[in-house]
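Please build the complete structure, drawing on both the sequences and the hints.
Sequences listed follow chains A and B, in order. When we follow this note's numbering, the leftmost residue of the first sequence carries the number 5, and every step to the right adds one. When we follow this note's numbering, the leftmost residue of the second sequence carries the number 5, and every step to the right adds one.
Since the hints were derived computationally from the structure, they do not count as laboratory data. Just so it is clear, CB atoms sit at the ideal spot from N, CA and C, and this is done for glycine as well. Any given hint could turn out to be false.
Claimed, not checked - With the Cβ distance kept under 7 angstroms, some of the chain B side facing chain A (calculated, not the full set): (1) His102; (2) Gly123; (3) Gln124; (4) Lys125; (5) Val128; (6) Leu129; (7) Asp140; (8) Ser143; (9) Ser144; (10) Pro147; (11) Pro160; (12) Ser161; (13) Thr164; (14) Cys167; (15) Ile171; (16) Tyr299.
To be verified - What the simulated footprint calls covered on chain B by chain A, stretch by stretch (three residues with Cβ under 8 angstroms from a Cβ of chain A suffice, anywhere in the stretch; the number is not a length): (17) 46-53; (18) 321-330.
Number of protein chains: 2
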Amino acid sequence: MININKAHLRSVNEPELPKDKLEYDQAMHQVELKIGKLLQTAPPLIRRQTSHLAQAFGKGIRARSLLACAMGSDSLISPGAVQAAIAVELLHLATLIHDDIIDEADTRRGIDALHVKFGQKIAVLCGDYLFCLAFDLASSIPPREVDRNKVGSVLPSYFTEICLGEIREVSNTGNLALTEGEYFRIISEKTAALFQASFHAGFLLSDEPPEVSDIYLTIGKEMGIIFQLADDCLDFTSSPKKAKKPVLIDCRRGVMTLPLIHALQIDKTLRGKIERGLAEQELKAAVLAAGGIEYTRSKIEERRTKAEQLISALRSPDKRNRLEGLLKQAAAV
Amino acid sequence: MININKAHLRSVNEPELPKDKLEYDQAMHQVELKIGKLLQTAPPLIRRQTSHLAQAFGKGIRARSLLACAMGSDSLISPGAVQAAIAVELLHLATLIHDDIIDEADTRRGIDALHVKFGQKIAVLCGDYLFCLAFDLASSIPPREVDRNKVGSVLPSYFTEICLGEIREVSNTGNLALTEGEYFRIISEKTAALFQASFHAGFLLSDEPPEVSDIYLTIGKEMGIIFQLADDCLDFTSSPKKAKKPVLIDCRRGVMTLPLIHALQIDKTLRGKIERGLAEQELKAAVLAAGGIEYTRSKIEERRTKAEQLISALRSPDKRNRLEGLLKQAAAV
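The structure is reproduced here in structure tokens:
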């Protein structure tokens, strides 16, 4: 009468994962296929949200990074890395959903009875569900070698770090006195930790020797910071069409970004103006005039040079090429 | 400059966990101490919520169940079980926080600027943080024997099941046509899965032979269902003072419970009355009059008899005593 083993039998990761090693493009194709499938087969109540996510699944830079790091000296990638890449992207989607909790309510209020009543709750549950799927996948990845750290044991502490970064960001909403140092701490946690986790997992599933672990971790962290800095610039410089999302959204939410922090440093009249109320376009003009974008771009270049040096120390030319391409993509502003 | 290993070094589970085996009461004391500490040392923004949780930390029936199951033939409990018990209770707290998302907004609206703006967001992040701490703890529990399933690999699929149950419950809010079968499916997932997870983890950390695994899993599931059925009764029968929480809250939220489902079966006029609008006290009276409580209590007794039989098959008298006590506690209405 009671199906006692239901829980662990129903593990999401059992079916149709590849058995053999794959080339990079094949592996990424598997990641995209499986994520699409997981999102489309979500429980009906949250399927509207997950289907939307499936369409919006972007460049998958975290998954691509993980797969590139997992490439062996034969340039092939183990099936475990495909699973880890799916887990990392699902976790990213989960955090996106929970990030948007407040906006959801605003944009949907009054439109749809179910959403008025359960909009936030559905978003929370949808995020939780993806969180759990991610952990479920990560926890069952077999280690490459018996004495090697398991991916599932390494990822959770990065996830805690992401939460801490999110909490720290919310704590500093509208904090015009936020220092550059505090800002870098926040983005190291909220954004770079997941890149670092991807690089760490990729490394663990590669055939690289233990002593190069720190190189991977550092490249991952730098790439994550670069990605966030580039995103900060786009919030000011892009058009809504190009960015495929609303721009100046960080400003509107009171999220402190480096261009703004720098502008506040340079233009001592800006803080007072913002406190007295400044239109979005005026704020944008002030940040541009104070050189906030150039300054942020210079920080991107500094870190990019460092990351490139580290990448050039890796032994596989294929891997170096992939990682250089991803670094370029992360830095694109 | 860059602290590359921050993430995994900062793992929450490293310090001050006991090294030696413990007696049951000592082990439970450790669980309570450590949970209190984790909650009180949460990041400042969410500390108000976590401190509140620390005070409200109840009987810890899930942790107690896990520890009882983990008792060896020497009646002692391994340090890994303490860690697993903490993980299970943190996960429970995380789900409680996310459960309450909607109410938070209602009770706090207009009171506190920060909460008006970030009330829901803080609740989401607080839950996510506890989720991550729980996974972090669970993933680093060493297996009792090399070839034995790791606790960290077994728990995540139960957590997915809990999410599915929550989603199914929200989908059926106010669904007066919900069948008893569907109801049992929902509570098996949303409530019993975490009890089953506790029993499973306890079993894995005990010295019981693999062939008795199913006994543990079945007792866990039965105890979880019994616990939910008893809670359903309390929503109708308890006074707010006794229940230490508002009563008739399930009704108000449109959560379908067994006493109500049974009453709708027996009293065919009830559905129409509810649809036309019924005061809470009238609804309570109708459920009592239709025998909804007696019926639910009879289901509790059926399942309790079954669970008692299974418990009596276990070999350790100490463990049998503990589990019988916990079963009694779960069934208390």
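Outcome of the hint check:
Below 7 angstroms, beta-carbon pairs count as interface contacts, and His102 of chain B has one with chain A at about 5 angstroms; its hint therefore holds. The restraint placing Gly123 of chain B at the interface with chain A is violated, with a minimum CB-CB distance near 9 angstroms, outside the 7 angstroms limit. The interface hint given for Gln124 of chain B is met, as the beta carbon of that residue sits about 6 angstroms from the closest beta carbon of chain A, less than 7 angstroms. For Lys125 of chain B, the shortest C-beta to C-beta distance to chain A is roughly 5 angstroms, which falls under 7 angstroms, so the interface hint holds.
With a cut of 7 angstroms, the hint placing Val128 of chain B at the interface with chain A holds, because the nearest CB-to-CB distance is about 5 angstroms. Because the closest C-beta pair between Leu129 of chain B and chain A is about 5 angstroms apart, less than 7 angstroms, the hint holds. Here the hint on Asp140 of chain B is kept, as its CB sits about 4 angstroms from the closest CB of chain A, short of 7 angstroms. For Ser143 of chain B, the shortest C-beta to C-beta distance to chain A is roughly 5 angstroms, which falls under 7 angstroms, so the interface hint holds.
The beta carbon of Ser144 of chain B is positioned within 7 angstroms of a beta carbon in chain A (closest approach about 6 angstroms), and the interface hint is therefore held. Interface restraint check: Pro147 of chain B against chain A, minimum CB-CB distance 11 angstroms, threshold 7 angstroms, status violated. Nearest Cβ of chain A to the Cβ of Pro160 of chain B: about 4 angstroms, under the 7 angstroms cut. The hint holds. Given the 7 angstroms rule on beta carbons, the hint for Ser161 of chain B holds: about 5 angstroms separates it from the nearest Cβ of chain A.
Interface restraint check for Thr164 of chain B: the shortest CB-CB distance to chain A comes to about 4 angstroms, inside 7 angstroms, so the restraint holds. Interface restraint check: Cys167 of chain B against chain A, minimum CB-CB distance 4 angstroms, threshold 7 angstroms, status holds. A least Cβ separation of about 5 angstroms between Ile171 of chain B and chain A falls short of the 7 angstroms threshold, and the interface hint therefore holds. Here the hint on Tyr299 of chain B is broken, as its CB sits about 19 angstroms from the closest CB of chain A, past 7 angstroms.
Counting residues of the segment 46-53 of chain B whose CB lies closer than 8 angstroms to any CB of chain A gives 4, so the stated coverage by that chain holds, three being the minimum. Remark: the segment 321-330 of chain B is not confirmed as covered by chain A, as 0 of its residues place a Cβ nearer than 8 angstroms to a Cβ of that chain, below the required three.
This entry does not satisfy hints 2, 10, 16, 18, going by the numbered hints stated previously.
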